[in-house]
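S.K.: Listed here are the chains, written in short residue letters.
Protein chains: 2
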Amino acid sequence: MGFNCFIKFLLFFSSLFVSTIELGVAISSSYIFIDIMSSESEEQQLSKKAAKKEAAKQEKLRRRQEAAALASAASSLSVEEDDPYSSNYGDVSLPELKSCSQTDAGQWSLAISSMEWTPVGALTQDLKEKEVLIRGRVHITRPVSKNMSFVVVREKGFTVQCLVTTQGEGVSSQMVKFVAGLNRESIIDAIGVVSVPGNPIKGTTQQVEIHLRKLYCVNKALPTLPINVDDAARSDAEIEAALLSGDKLPRVNQDTRLNFRVLDIRTPSNQGIFRIQCQVGTIFRQFLLSEGFVEIHTPKLIAGSSEGGSAVFKLDYKGQPACLAQSPQLHKQMAICGDFGRVFEIGPVFRAEDSYTHRHLCEFTGLDVEMEIKKHYSEVMDIVDRLFVTMFDGMNERCQKELEAIGRQYPFEPLKYKPKTLRLTFEEGVQMLKDAGVEVDPLGDLNTEAERKLGQLVLEKYDTEFYILHRYPLAVRPFYTMPCYDNALYSNSFDVFIRGEEIISGAQRVHVPEFLAERAQACGIDVNTISTYIDSFRYGVPPHGGFGVGLERVVMLFCALGNIRKTSLFPRDPQRIAP
Amino acid sequence: MGFNCFIKFLLFFSSLFVSTIELGVAISSSYIFIDIMSSESEEQQLSKKAAKKEAAKQEKLRRRQEAAALASAASSLSVEEDDPYSSNYGDVSLPELKSCSQTDAGQWSLAISSMEWTPVGALTQDLKEKEVLIRGRVHITRPVSKNMSFVVVREKGFTVQCLVTTQGEGVSSQMVKFVAGLNRESIIDAIGVVSVPGNPIKGTTQQVEIHLRKLYCVNKALPTLPINVDDAARSDAEIEAALLSGDKLPRVNQDTRLNFRVLDIRTPSNQGIFRIQCQVGTIFRQFLLSEGFVEIHTPKLIAGSSEGGSAVFKLDYKGQPACLAQSPQLHKQMAICGDFGRVFEIGPVFRAEDSYTHRHLCEFTGLDVEMEIKKHYSEVMDIVDRLFVTMFDGMNERCQKELEAIGRQYPFEPLKYKPKTLRLTFEEGVQMLKDAGVEVDPLGDLNTEAERKLGQLVLEKYDTEFYILHRYPLAVRPFYTMPCYDNALYSNSFDVFIRGEEIISGAQRVHVPEFLAERAQACGIDVNTISTYIDSFRYGVPPHGGFGVGLERVVMLFCALGNIRKTSLFPRDPQRIAP
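Quick mapping for you: the protein sequence lines, in order, are chains R and S.
Yeah, the first sequence ends on 579 if you go by UniProt numbering, and it's all consecutive.
Yeah, the second sequence ends on 579 if you go by UniProt numbering, and it's all consecutive.
This is chain R alone, in the form it adopts within the complex (with noise of 0.2 Å):
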C-alpha cells in the first residue's frame, strides 16, 4: 500500500527537479541514479548509455543477493506461533509503542524494561561479556545459512556487527529469519552479549560483535529505497578502485542526496558535518559572550526593502510590501545604537540571487557580529582573529571522530592556520599579485581567481590559509564604510579568507549621520529612502563596526567540501525550494 505513495514521491520529486535531475533506469524493486548533474569536485561523468548498462548489472547483483536472503528467511517474516522462543523476536506493536509501560506490557516492553540502551558509538572491547540493549538501524543483513546470520546496526554513523545464530542461548531458526529478512534502514531494539573476534571486523566502526539474544522491530522501512545509505557514504576513491577490479559501484549523485536527504544525511560524513556545525556555533557563541557580547534576534520580516543592491524576497504584510532581510545590518547597528555595547546573532539570511554556484544559497545561516569600536578598528580584526582561532582549536579537539568520518569519504588536507592570525593590507595584496604577474586594479575589487591565487602565495610565502585583507578601497564597499584616516580612497574595512575563498566581511561603520548622508549621496544612493537608517544615528552613538560570516561556508572550507549544499541541511538554490 506504501508504494503507490512512494512512487507518487518519486514523481512529485521528479517533476519538481526534472531540470537537474534524470532518474534513470527503475528497475522493480530496485534502483541507480545516473551521475549526470555532479558537482564541480566529482570527475569521471559516464555517458548515460555506459551508465545504464552498469546499473543493469548492479541491479543484478542486488537481487541475487536479495534472493539468497529471502531463500534463507523463506516466505512469511511473521512469528510462528509454535516456537518457544517466540518472544525473544518480533515486531513491536503500535500500542506498544503509544506506552511501553502499562500493566498489559508485550515481550518487547518486559524485555527492555530493566535495560537501559548503550549508543552504537560506545560499544568497546571494555563491554566484554556484558550484556547490552542498543537501538538502531538496519544497515545491512548478511544470511550465511538457515541457522546463522549477521545484521550489521547503525546508530548516527556508527556500525556494529550483530551475530544470531540458533546455537546461541534462546534463539531458534524462526528468529534468524526473522532477522535475516529485516528491511534495511529499519529501526530495531537488540539484546545481546558482546564478544571481541579474533581478527578485525572489517566496515563497522566498532571492533566487538554483539551475540544477539533477543531483537525486536520498532519501525520497518520500505523493503526498497531510493537510494541505499551505503551508496551514498562511499568515497571516490573507493569507486574508482571498485572499477579498476571491474566492479561498477554506484554513485549517488548531489541532487539525489537532497531529493532524499532524510536518507542522505544517514551516511557518517553528513551525521559528521552537522555535528561540527552545532559545534561551529556553540563555539562562536561561548567566545562571545566570554568576551561580553549580548545574544540578539532581529526581525526577518521588514518594511520595504532591506538594503538595495542584491535582490530580495518580497512579500505581502498585512496590506504593506515587505520583504526578508538580506542581513541584519541595520537592527544590530540599532542594537548598538540602544546601548548593547557587543551584540551577535545567528539566524537565517535570505538572498534572492540568481547565483547558481559552489558557493550562494538562498537562505543560509549568518553568524552576524556588531560591537564598539573605542579607538581603532583593528579591535574588530581581534575578535575575528581570536574569534575564529578559537573555532579552529575547538573544532580540531572536540571534533575528531567527526573531522575523521567525514574525511574517509571526502578526503581533505587539515587547515592550515596561525596561533595569531595574519593581516595583510589590500595594498600589500595587490602588491604580491603583481609581484606574481597578476596584475589587479588596485582600486577594485578582487574577482574569485585573483582571491584564490593570493590565497595561494599567502599560503606559499607564510605557511597559513587563513588570513586577514584589510584597507579595501572604498569604492568596492558599501556606502555605510568608514573611510580610511589618512587616505579616503580606502576604508577601514575588511575581508577574511579560508583556503583561498572569502569567508568574512567586515568593517567600521559611519555612525554620524550628516557624514552618512553624504556617502550615500557620492554613492548615488537617494537619501530620502534610507532615512529611517540614517535618523537612528541621530539619538547618539559610539563609533562602532562588525562583521558577518556564512555558517555553513566555514563548514564548508573548513572540511573543504567544496559544494556548499553539503553544509546546509535542507539546502535553498535559486532551483530548489524542497524538502
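Everything labelled a hint here was simulated from the structure, so no lab data went into it.
Backbone N, C-alpha and C define an ideal beta-carbon position, used for all residues, glycine too.
Please note that the accuracy of each hint is not assured.
Unchecked claim - Over the 12 Å line for every Cβ pair with chain S, so calculated as not near, a few chain R residues: (1) Leu-133; (2) Val-138; (3) Pro-200; (4) Glu-209; (5) Thr-390; (6) Leu-422; (7) Phe-479; (8) Glu-502.
To be verified - Footprint (simulated), chain R over chain S, 3 or more residues, beta carbon under 8 Å: (9) 232-240; (10) 297-304; (11) 332-344; (12) 474-481.
Guided by the hints, dock chain S onto chain R, whose structure is given.
M.R.: Frame of chain R; chain S shown alone:
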C-alpha cells in the same frame, strides 16, 4: 539641517502608526506623548484634554530647567582658544574617530592612549582615589553655577554622577560650560578620580562620584529627542506618587516606545530584559547540548503552505509558490528521521495571524526541540521539566541585577516553581475546575480564562506557578499527535503553564506512515496535500516527540511583564513592521 530629516522621520512613523498612536503636543524644543493606547496592564487612561494641559505644564517646567542650564553654559559651546586647559575637553573630530592611533593624534587620542576603559557598572568604592576612564552617555546635566556642574553618565543601564568644578585640577570655567551644555544621550569619554561621598547618591546606580579632569564628546545627539530615557524608565508607581504631590510626569506609551526603540531599549529595565533573553537562550542551549542534543538550522522558506491551519506569509520563490515556515515541525522531525537522535533549533517563526493580543506576535523566536522516544512520551516531559527548572534557577542566579532593574520599573513577584515540576493529567485539571464550580468540556480545549483559573487553583493547592498538563483530548491536538495507549479520546501530548498562561506545547508524534495517513483523513485533511510529510516516515523512523516554546513568552511570563512587545527587540504584530 538634521532637524528637517528628524521631522521627516517623525512624520514617517506618524503616517505608519496613525491608527495606534497620537503624536500629541510637540512644542518647540520638547515633546510629550499622551498615553492613549496603553497595554492592558497600564491603568489610568487620561482624557486627551487633561493630558494636553499636563503636557503644556511639563513643557514649561522642562524649558525652565533648560534655560537655567543654557544660562550657565552661555551661548557658544565651542572650545575657546585662550583657555590654557583647552586640551582637556572638546568634541572629538571624525578623523580621530577613524583612527585614534595615528602619529598626528589629537587631544582625545593622547588623553586616552595609555588608559583602559572602566565600565560604569564596575565603578565601586574599591576604586576610591583612582583615576578612571569611562565611556557612556550624558544621561542628564545639572549645572550648578558658572564654575560647577554635575553630569550623570549612563552606560548599559548603569549610572554614575560626575562633578566638574573649576576647583579641580586643569578645569577651566570654559570646560564647565562645555560639560553643562552637552546634549542628553551624547556619547562621551570622561577621565576623573573616583570619590566616595558621605551621603548616599540619589538617582544613580553607582554609589561613587567621579571628579572630572577631562571630558571629550565622542558623538553628539540631537538637542531634542523624541523621548527621554528617564521618562521611558519611570515606573507607574513613581508617576502616581508624583501625581499625589501635584506633579504630572510624562508617561511614554507602548507604541511611542516601539517607534523610537533605539531610545527605549536604553532604559535599565530594557537592558535587563534583553540580557535575560540572551541568558534564556544560553541556558536552553547549554542544557540541551549537555543532554546530547544537536543544534540544527532548518529552512524558513517552504514550498507551498507549511502546515495549514493558521495563516501563513506567502511569497514568490523564483516563480514557485512558497511561504514562511510557521514552525520547524516538519524539518525537525526529518532530522530525527535522519539519525540525529535529539535536535533543537532557535530561530524565527512566522505567523500571519490577525491576533492583536498581549501574547501574540507575527514573528517570534522559537525554541524547538525534537527527540527520539525510547519507551514513553514522559521522556519528553522529563526534558521539559529539567530544562525549565535549570533555566529558572540559572536566571535567578545569573541575572540578579537585571531582574532588579526590571522590578524597579515593572514590579513583580518571583516565579514560584518546584525542583520537580508538578504534572497533572487533563482529566485531573478538568476535575479541579469542576470542583471549583467551573464547567468545561472534558474533551474540548481550555480557553484562556479556564487556563488562568486552573493556574490559580494549582497555585493554591500545590504552591507552584509552573506545571505540566498532559493527556490532552485527541480532538484538540494536530493530526500528527499520537493517541493514548489506553483511551483514544486522549493523546500523548502536553501543555506547560507559567503564571496561568500556556507557554509550551508538546507531544509524541505519529511516526507510522499508514497510521499518520489514517489520522489525517480522520481530521479531514486531504492526504495528497501532505504526502511529502508522510513519505518522510517510510524509510524507517524511531518513535519521537518534541515541543516548542516562544522565547519572548518565557521572558514575559517569568518577569510577569504583561505584554509580549516588551520582550521582543523589534516586535512585529499585525499593525507593526517597523522599525
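S.K.: Hints numbered earlier in the text: which of these fail when held up against the supplied structure?
M.R.: Violated hints (numbers, rising): 1, 2, 9 and 12; every other hint is consistent with the structure.
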